[in-house]
Amino acid sequence: GQSLEQPSEVTAVEGAIVQINCTYQTSGFYGLSWYQQHDGGAPTFLSYNALDGLEETGRFSSFLSRSDSYGYLLLQELQMKDSASYFCAVRDPYNTDKLIFGTGTRLQVFP
Amino acid sequence: EAGVAQSPRYKIIEKRQSVAFWCNPISGHATLYWYQQILGQGPKLLIQFQNNGVVDDSQLPKDRFSAERLKGVDSTLKIQPAKLEDSAVYLCASSLDGGREQFFGPGTRLTVL
Chain A
1 GQSLEQPSEV
11 TAVEGAIVQI
21 NCTYQTSGFY
31 GLSWYQQHDG
41 GAPTFLSYNA
51 LDGLEETGRF
61 SSFLSRSDSY
71 GYLLLQELQM
81 KDSASYFCAV
91 RDPYNTDKLI
101 FGTGTRLQVF
111 P
Chain P
1001 EAGVAQSPRY
1011 KIIEKRQSVA
1021 FWCNPISGHA
1031 TLYWYQQILG
1041 QGPKLLIQFQ
1051 NNGVVDDSQL
1061 PKDRFSAERL
1071 KGVDSTLKIQ
1081 PAKLEDSAVY
1091 LCASSLDGGR
1101 EQFFGPGTRL
1111 TVL
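Chain order of the listed sequences is A and P.
Take 1 as the starting number for the first sequence in our numbering and just add one per residue.
Take 1001 as the starting number for the second sequence in our numbering and just add one per residue.
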């Protein structure tokens, strides 16, 4: 089966940089996505990596190392509004339109 | 562009009652997903439709859950009868390339008493 591991909680202060790690075990790898979810809100797409390396989108970047089955989401210049849960998700190798989500990392940003 | 619409936003029922949720995906999105999200966990796929056909329902508890997507647009998810452990947020999502980016609705928070 497929599984993903993330830290359950991360804390940081405004203006800082934080990294949220994700390790995965899959029988085949086709891509890693990141989603943000505020309390009571819908998950929203942040980033996607199919190949090794760094993808940058504004203050957010995502990194992938397929050889290590590892990725991370990097959030820079943290703002209070970044307090949310962050989920990594991999494509199911048997149905690549299906995502398997991790358990999520709750980020708390303090002033 | 309008997002994914869901209703109701909140529902409270007693165990053994039935409940139905409705979803209207983004126009043109052929793939529609229903997820169950229990507090503190990631979304878990219940069922995936491609147009009005089922692609994956391997994790749908078929003895009590059912879903349909008539005419390949709107979808409904039903639970009958509900159990206490069904208390969760039910999320609908749609996509063009679902393995990369899915667009989620606001969800329905179900409480079973």
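Keep in mind that a hint or two might mislead.
Claimed, not checked - For lysine-lysine, the following DSBU-like pairs were computed, each having C-alpha atoms within a straight-line distance of at most 35 Å:
{"no.": "1", "chain 1": "P", "residue 1": "K1062", "chain 2": "P", "residue 2": "K1078"}
{"no.": "2", "chain 1": "A", "residue 1": "K81", "chain 2": "P", "residue 2": "K1071"}
{"no.": "3", "chain 1": "A", "residue 1": "K81", "chain 2": "P", "residue 2": "K1062"}
{"no.": "4", "chain 1": "P", "residue 1": "K1083", "chain 2": "P", "residue 2": "K1071"}
{"no.": "5", "chain 1": "P", "residue 1": "K1071", "chain 2": "P", "residue 2": "K1015"}
{"no.": "6", "chain 1": "P", "residue 1": "K1083", "chain 2": "P", "residue 2": "K1062"}
Derived from the structure by calculation, the hints contain no laboratory data.
Tell me, in ascending order, the numbers of any earlier hints that this structure violates. Of the numbered hints, 2, 3 do not hold.
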